[in-house]
Amino acid sequence: MYKLEAIHIHKKYPGTIALDDVSLGFEGGKVHALIGKNGAGKSTLVKILAGSLAPTRGEIRVDGIPVPLRSPSDAFNRGIATVYQELSLVPGLSVAENILLGRMPKRRGPFIDWVAAYAQAEQTLVGMQVQLEVRQPVGGLSFAQQQMVEIAKAMSCNPSVLMLDEPTSALSRHETQSLFYLVRQLANTGVAIIYISHRLQELREIADRATVLRDGLHVGTVEMAETTSQEIIHLMFGETVQRERPTDLLAGREPLLEVRDLSREDHFQEIDLTLHEGEILGIAGMLGSGRTELLRAIFGAEPFDRGQIRVLGQRVRSVSPATMKELGVAFTPEDRKNDGLVQSHSIRSNLCLASMNQIATRGFITRAREQVVVNEQVRRLSIKIADSEQAVSSLSGGNQQKVVVGNWLSTRPRIILFDEPTRGIDVQAKQQIFQVMWDLSREGLGCIFVSSEVEELLQVCHRILIMQHGKIVDEVLPSATTPEGLIVQCMED
Amino acid sequence: MMRQRVLTWTRNSIMELVLILLCLILAFQAEGFFSMANLLNVLRNISMQGIIAFGMTMVIISGEIDLSVGSAVAFAGCLTAYLTQFLSNLGLPLVTALPLAMLASLSLGFAIGALTGLIRVRFGVPTFIITLAWMTVLTGSAELITGGFPLTVFPEWYNFFGGGYVLGIPFPAIVFVLVFVLTQILMDYTSFGRSVYAVGGNIEAARLSGINVVRIKILVMAAVACLAALAGIMQSAQIMSGAATTARGWELDVIASVIIGGTSLMGGEGKIRGTLIGVIFLGILVNGMTLLNISEYWQHVVRGVLILSAVLINRINTASR
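Respectively, the protein sequence lines represent chains A and B. The numbering used here applies: residue 1 is where the first sequence begins, and numbers increase by one. The numbering used here applies: residue 1 is where the second sequence begins, and numbers increase by one.
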């Protein structure tokens, strides 16, 4: 008997199908891993199971009975509790208040029964075999302890299903072990645990069973004890087709960007890299390997502790986005929605954001001069728009990404740093972005391409650096490896 | 299609339409409203606050606020009077002493605004709090340098800056139009203005696009404080004295005009032209209520209701877009 079932779940978004006829069941007392690469549909499925998203079609059953989940509290009342990556605790309140948030025991009228509250919170923690002082404020706890509080909060309602979304992404090795112990304990009491993670080794330790999603499809469910990592990787990535890179792309000798001994505590250490004229340099690594932080530090968007950066042979003294732009460096951020675009503004002004000073003559900007830039980028990147005065928020992900790229191309840079430029965009837009990178390479520009999609790196790059735990551990040539080989190299500890 | 067009046009020009409606009602109801003398009077009355409102529009578009403009007006007037007295006591003729004092007031205004901006970006203190602090500091300082009594040290010709006419048009009104044109050009046709919109719309995207957001915030805060000092000088010229009690509560009217003009308190959106409408609207409403003999107590209530309705109209407009 399944505690929780998803039956023929479909979820459609305009332009994409996030989930395509997914049917799954979760048994009590077992730890079920839910895995898949970015965009496979994991988080959509979690949201549907947690009641925060409605499926286009299909039904959810709890203990075999179909139930409509209209809101997160609906799901919660049915015994489905979720702990998200971003914790939802109130830092100023005590452990007990957080665990019992909104459900504090009362004595006559509005007055809180503190004795009962502390006892109740204490009891929940003891049941989980976690030692925490219930009177102390949550803000002073470590991240791992806060996560325990979050789990306790979920467990205090005795749920029958507990979903954990990437629970170890911010934990140390030791903390991960105590979390696993806790998860085991909970599973032994009969709770069905749904565990979302991308760390394969971890799943070996904690999961009984793994369900793999790929491109919105349920491609397989395997017993962890009877399967190999190779098989899971194969399920996750499918038949990887390696597309050919154009043959006329040649990297020059002249170094455009040199990074020496760049370090930032807790993020990346002793990074050395050189980007040459016309070169597309890939950086591969799992989430949390420090690749994004490194790229942002090179652009001056985030600080670093030591090391140096040279652009065109010249050492950059004060690294900031403004100075890097002056030196001909461009950067398209990972989170284009929040960091790359002013959503409420028009496509036109977003395409002219970075190049404003170049478009202006003595500080003055006219529509006509902006329109020249806008037309050039719209044509070059084939951005599909009806009118450049539309708000940029009305565009699809792929077209928004093209606006971010166009914004930087109009500055006529020598070096472009791409942070996950293909996340959440359709196949055609992806190929167009690659085409742009190749064209830039032909013009002699250097590109750094950070991506979690190994096939993309292999298709696009001249050379790929592999990052693990904040360090560059290896360098490979696309011709000398396969997608599976590269994935294994990124994940190996 | 046609209907859609009319609808969008109506939505975009709703304040203009309401303003025309208000004028029509007043033309029939309030005696003397449409006389040249009354309209010039309205124009003079709205000029001082209007000058500050254009600066405030920039501040609000950049995602900040300045609550100290009223006290800055009083302080600038008092400081100009005080310095004039001080310098002429040193033996300088008034012809030199007064312009020096005016220049000093404007510069100090600029410096205080710049300091606000600097504290904002360096220490992350909201401008709401910083300028609230300035509000009492400046009021107190104005009282300190005047000793609580209006300083009447100005020569007759100084009155021109507040009460004078050029070709029959009040001098402050000319400055008002000038500041309108300048800020309009600045916000629409310069990279500085466009950066102000970008910073207010999404500060992180602006920073990552290599825009110097620190500079933008500092300059915008400095601009409004400097304009407040300018208004303070003209106000002191109109009443021919530096008094600590002038312009009390102006910040409310100034911010109200900006909001009535459609500028979003969230930042990133707004128009100088909208503020022009907002300033005129508020000015005419107050004038009309006075002509209709509505008590000042009611005027306060109406003003508050107006601000609330303007914000609601804006929110509903944004939501339906």
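Wrong hints could be hidden among the right ones.
[Stated by the list, open to error] Interface residues of chain B toward chain A, partial, derived using beta-carbon atoms under 10 angstroms:
id: 1; residue: 30
id: 2; residue: 32
id: 3; residue: 198
id: 4; residue: 205
id: 5; residue: 206
id: 6; residue: 207
id: 7; residue: 208
id: 8; residue: 245
id: 9; residue: 249
id: 10; residue: 264
id: 11; residue: 269
id: 12; residue: 308
id: 13; residue: 309
id: 14; residue: 312
Hints were generated in silico from the structure; no laboratory data involved. For each residue, glycine too, the CB sits at the ideal point set by N, CA and C.
Against the structure, the hints come out as follows:
1. The interface hint given for residue 30/B is violated, since its Cβ lies 40 angstroms from the closest Cβ of chain A, which is over the 10 angstroms cut-off.
2. The beta carbon of residue 32/B comes no nearer than 44 angstroms to any beta carbon in chain A, farther than 10 angstroms, and the hint placing it at the interface is violated.
3. Because the closest C-beta pair between residue 198/B and chain A is about 6 angstroms apart, less than 10 angstroms, the hint holds.
4. For residue 205/B, the interface hint holds, the least distance from its beta-carbon to any beta-carbon of chain A being 5 angstroms, beneath 10 angstroms.
5. A cut of 10 angstroms between beta carbons decides the hint on residue 206/B: the least distance to chain A is about 7 angstroms, and the hint holds.
6. Contact between residue 207/B and chain A, as hinted, is supported at the beta carbon level, the nearest pair being about 6 angstroms apart and thus within 10 angstroms.
7. With 10 angstroms as the threshold, the beta carbon of residue 208/B comes within range of chain A, its nearest partner Cβ sitting at about 5 angstroms, so the hint holds.
8. Given the 10 angstroms rule on beta carbons, the hint for residue 245/B is violated: about 40 angstroms separates it from the nearest Cβ of chain A.
9. Because the closest C-beta pair between residue 249/B and chain A is about 32 angstroms apart, greater than 10 angstroms, the hint is violated.
10. A hinted interface residue such as residue 264/B counts as satisfied when its beta carbon comes closer than 10 angstroms to some beta carbon of chain A; here the least separation is about 9 angstroms, so the hint holds.
11. The criterion of a C-beta within 10 angstroms of any C-beta in chain A is met by residue 269/B, whose closest approach is roughly 6 angstroms, and the hint holds.
12. Evaluation of the residue 308/B hint against chain A yields a violated restraint, the C-beta minimum of about 23 angstroms exceeding 10 angstroms.
13. Here the hint on residue 309/B is broken, as its CB sits about 23 angstroms from the closest CB of chain A, past 10 angstroms.
14. At its closest, the beta carbon of residue 312/B sits 19 angstroms from a beta carbon of chain A; the interface hint therefore is violated under the 10 angstroms criterion.
Hints 1, 2, 8, 9, 12, 13, 14 from the list above are not met by this structure, while the remaining hints are.
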